[in-house]
Amino acid sequence: AAGVIQSPRHLIKEKRETATLKCYPIPRHDTVYWYQQGPGQDPQFLISFYEKMQSDKGSIPDRFSAQQFSDYHSELNMSSLELGDSALYFCASSLAGIAGNYGYTFGSGTRLTVV
Amino acid sequence: DQQVKQNSPSLSVQEGRISILNCDYTNSMFDYFLWYKKYPAEGPTFLISISSIKDKNEDGRFTVFLNKSAKHLSLHIVPSQPGDSAVYFCAASATQGGSEKLVFGKGTKLTVNP
Chain W
1 AAGVIQSPRH LIKEKRETAT LKCYPIPRHD TVYWYQQGPG QDPQFLISFY EKMQSDKGSI
61 PDRFSAQQFS DYHSELNMSS LELGDSALYF CASSLAGIAG NYGYTFGSGT RLTVV
Chain L
1001 DQQVKQNSPS LSVQEGRISI LNCDYTNSMF DYFLWYKKYP AEGPTFLISI SSIKDKNEDG
1061 RFTVFLNKSA KHLSLHIVPS QPGDSAVYFC AASATQGGSE KLVFGKGTKL TVNP
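Quick note, the sequences are listed as chains W and L, same order. Residue numbers 1 to 115, in my numbering, belong to the letters of the first sequence in order. Residue numbers 1001 to 1114, in my numbering, belong to the letters of the second sequence in order.
Derived by calculation from the structure, the hints in this document are not laboratory data. Please note that a few of the clues may not be correct.
Coverage of chain W stretches by chain L, computed from C-beta distances (three or more under 8 Å per stretch; other residues unrestricted) [unchecked claim]: (1) 13 to 20; (2) 37 to 50; (3) 58 to 71.
Cut-off 30 Å, straight-line C-alpha distance, at most; resulting in silico cross-link-like pairs (BS3-like, lysine-lysine) [stated by the list, open to error]: (4) K1071/L <-> K1005/L; (5) K52/W <-> K1038/L; (6) K1106/L <-> K22/W; (7) K1109/L <-> K57/W; (8) K13/W <-> K1068/L; (9) K1068/L <-> K57/W; (10) K1038/L <-> K13/W; (11) K1071/L <-> K57/W; (12) K15/W <-> K1106/L; (13) K1106/L <-> K13/W.
Here are a few chain L residues that sit away from chain W, every Cβ distance over 10 Å (derived from the structure) [as the list claims (entries may be wrong)]: (14) D1001; (15) S1028; (16) K1056; (17) G1060; (18) R1061; (19) S1069; (20) V1078.
From a predicted model like this one, the values you see are computed outputs, not experimental measurements. Ideal placement from N, C-alpha and C gives every residue a C-beta, glycine not left out.
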């Protein structure tokens, strides 16, 4: 079965550079979530989209932006990268209204390293 | 302020025995609670959930118990198998406001010894 696809799997950037992370949700899923997991930390909610509109916003820095496109894929854009942005970035997708009972499906994540 | 707390960073059990993973929460608005399992280099995988109107949900070897008055839930795995070794995250959601974002605990690393 198709899963949530994230690309790239690994990314190394220098400070002050920009990065774009991509997420392709499970077909027919209408909601996409982005989470950031620092080393030894719990996943922190960044932002979510429902039907291409931002539906909720968490602790996402102003340097980051995201959007969901007409084909439902989503991109997380990160500018002026800082060392502290080094983390695993997970994308997840679900059908709205059932995530409480059935959870989301997470992708394998993008490991971003800022040097 | 950590709204979902997993106070045991690690747990080690023998194969065949019961694993009990605990989770506490502070936000009384949470109405769904979920457990995720995570292997290294993979994303979290949904295991089991429970609605706040229930006190128990069972799926095969996995049972989640919810004690609303104590704001506590636990995941029981019986019998434990070596393949269960992973990090287990407790998560909660307050869906009444229309958001289904999950708030995660810091995880408990379970090791099941053969």
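Here is how each hint holds up against the structure:
{"no.": "1", "hint": "13 to 20", "result": "violated (count 0)"}
{"no.": "2", "hint": "37 to 50", "result": "holds (count 7)"}
{"no.": "3", "hint": "58 to 71", "result": "violated (count 1)"}
{"no.": "4", "hint": "K1071/L <-> K1005/L", "result": "holds, 10 Å"}
{"no.": "5", "hint": "K52/W <-> K1038/L", "result": "holds, 28 Å"}
{"no.": "6", "hint": "K1106/L <-> K22/W", "result": "holds, 25 Å"}
{"no.": "7", "hint": "K1109/L <-> K57/W", "result": "holds, 29 Å"}
{"no.": "8", "hint": "K13/W <-> K1068/L", "result": "violated, 45 Å"}
{"no.": "9", "hint": "K1068/L <-> K57/W", "result": "holds, 27 Å"}
{"no.": "10", "hint": "K1038/L <-> K13/W", "result": "holds, 26 Å"}
{"no.": "11", "hint": "K1071/L <-> K57/W", "result": "holds, 26 Å"}
{"no.": "12", "hint": "K15/W <-> K1106/L", "result": "holds, 28 Å"}
{"no.": "13", "hint": "K1106/L <-> K13/W", "result": "holds, 27 Å"}
{"no.": "14", "hint": "D1001", "result": "holds, 12 Å"}
{"no.": "15", "hint": "S1028", "result": "holds, 16 Å"}
{"no.": "16", "hint": "K1056", "result": "holds, 15 Å"}
{"no.": "17", "hint": "G1060", "result": "holds, 16 Å"}
{"no.": "18", "hint": "R1061", "result": "holds, 18 Å"}
{"no.": "19", "hint": "S1069", "result": "holds, 21 Å"}
{"no.": "20", "hint": "V1078", "result": "holds, 21 Å"}
In terms of the numbered hints stated before, the structure departs from hints 1, 3, 8, listed from lowest to highest.
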